[in-house]
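2 protein chains.
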Amino acid sequence: MSNDHIVRSFDEELKRLAQSISQMGGLVEAALAQAITALSKRDSQLASAVVGADQRIDTLQSEIDDQVVRLLALRQPMASDLRTVIASLRIANELERIGDYAANLAKRTIALNSAPSMRPTAAVIRLGKQVQSVIQETLDAFAQGDATKAQAVRDGDLEIDELYTSIFRELLTYMMEDPRNITPCTHILFMAKNLERVGDHATNIAETVYFIVKGQHMPADRPKSDVSSLTMVDATGLATVLDKEAH
Amino acid sequence: MSNDHIVRSFDEELKRLAQSISQMGGLVEAALAQAITALSKRDSQLASAVVGADQRIDTLQSEIDDQVVRLLALRQPMASDLRTVIASLRIANELERIGDYAANLAKRTIALNSAPSMRPTAAVIRLGKQVQSVIQETLDAFAQGDATKAQAVRDGDLEIDELYTSIFRELLTYMMEDPRNITPCTHILFMAKNLERVGDHATNIAETVYFIVKGQHMPADRPKSDVSSLTMVDATGLATVLDKEAH
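Line by line, the protein sequences are chains A and B. Going by the numbering used here, the first residue of the first sequence is number -18, and it counts up by one from there. Going by the numbering used here, the first residue of the second sequence is number -18, and it counts up by one from there.
Please note that a few of the clues may not be correct.
Which copy is meant is left open, so a pair is good if it fits within one copy or across any two.
To be verified - SDA-like mimics (lysine to any residue), calculated; alpha carbons at most 20 Å apart, straight line:
1. K195 - V50
2. K195 - D47
3. K174 - R78
4. K195 - S43
5. K110 - L139
6. K(-4) - R56
7. K174 - N85
8. K174 - D81
9. K195 - R51
10. K130 - G7
11. K195 - D46
12. K174 - R150
13. K174 - A14
14. K(-4) - G126
Quick caveat, the hints were computed from the structure, so don't treat them as lab data.
Working from the sequences, and respecting the hints, build out all of it.
Here it is, written out as structure tokens:
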């Protein structure tokens, strides 16, 4: 009886941990959505709110860390439970980084709003929507313990990388057209890069979810198609992709 | 007797874990140093070697993860030992990211080498040296369990942030001067940003080291002086820093 009680209660603690992570996921998803809205509506007030809300996400991560340490100390879980608990720690860490990127997007939106509207912003908003849907899919995969959905996140990330690479090239040509475009385009470039990184973190989470569900690693063949670090665009705006071997 | 043996052996396992992390730290430090050398000597072959070596760092991180899970399962450490083990996991994770940044620096070096040498590269190399010394200090703090050294890392990171902000402004003016500078300067901009991020990860490690040594968090008042996300430079090259409130 007493043993049964302990088992039930441990399950409840694991459930509570999963809930905390889902809550953190919800906050991060909202922060990202608001950052993208702030960008598209040129709304500095909303952007400031996103920057302010990051503190709450950071606090939640600390709380999850404490929850995990307490759970490990009191429950000393074994085997698959132990891996799940460690995986939770990792997911919380990835979510915290995504929160940071959302806050950084919002900060750059505030900076951008001091200059006239730029056309490439539209492409970044498109990228942002794609990233949002990948984050949603990732959090669904976690909440539903769905390995198939977790695997699908990777395909979504592939699209993000492709979109990012095309935005990168587009931005370079804008900068070449008119020096006045350079500063705002630099911010937009970092925004696009932030979104591309969010996609990578979503993939990390998805891989961790897959591991929790299946008890084994997702096949290692992770596609990667952001080749912008190998891209040089000459003054005519012609983009060439360098030696892919080094990627 | 038997109990004493178990205790000794657990200490040995903790020591082995610390050694694995120091080894990973050494590899990351070397990768960063080589990436900076490759940049300053325009050595694409060395840069390729850095990109290739990142795999080894990633593998070591997986091994440390496994070591931690095994240790938790078999030893079920309590209180401060448990916190140390969890902290090790975090440090390994931060080191892995620094390794990624070193590899990315190397990739961009290869791309840069296809264009003529750029003057702002010198500033990035200077930034790289500063980051290197901060990483060294961080790893020393970890190896020696030195909380004072860990706190000093923060000051070093402050210098990194200031240097980064000044490079960011310098690069914008270069891009405005001549459109042919834009593509290489974009790579240099990302390189500088990567180095600035490495400094942040070093600070995270230092905070974790402090926590292991002191059993409490480093005072939360972490200074932050990268204000580049709030910087706009107008076409005349005049830099203005926007509303710091939102930072």
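Okay, the hints, checked on the actual structure:
1. K195 - V50: Close across copies (17 Å), not inside one copy (24 Å); limit 20 Å.
2. K195 - D47: between (26 Å within a copy, 17 Å between copies)
3. K174 - R78: Both: 14 Å inside a chain and 16 Å across chains, each within 20 Å.
4. K195 - S43: Close across copies (18 Å), not inside one copy (27 Å); limit 20 Å.
5. K110 - L139: within (14 Å within a copy, 34 Å between copies)
6. K(-4) - R56: Within one copy, since 14 Å is at most 20 Å while 25 Å is not.
7. K174 - N85: Answer is both: 11 Å inside a copy and 13 Å across each meet the 20 Å cutoff.
8. K174 - D81: both (13 Å within a copy, 15 Å between copies)
9. K195 - R51: between (26 Å within a copy, 19 Å between copies)
10. K130 - G7: within (18 Å within a copy, 38 Å between copies)
11. K195 - D46: Only across copies: K195 and D46 sit 18 Å apart there, 24 Å inside one copy, limit 20 Å.
12. K174 - R150: For K174 and R150, the Cα distance is within 20 Å both inside one copy (12 Å) and across copies (19 Å).
13. K174 - A14: This pair counts as within: shortest intra-copy Cα distance 17 Å, inter-copy 25 Å.
14. K(-4) - G126: Answer is within; shortest intra-copy Cα gap is 12 Å, inter-copy 36 Å.
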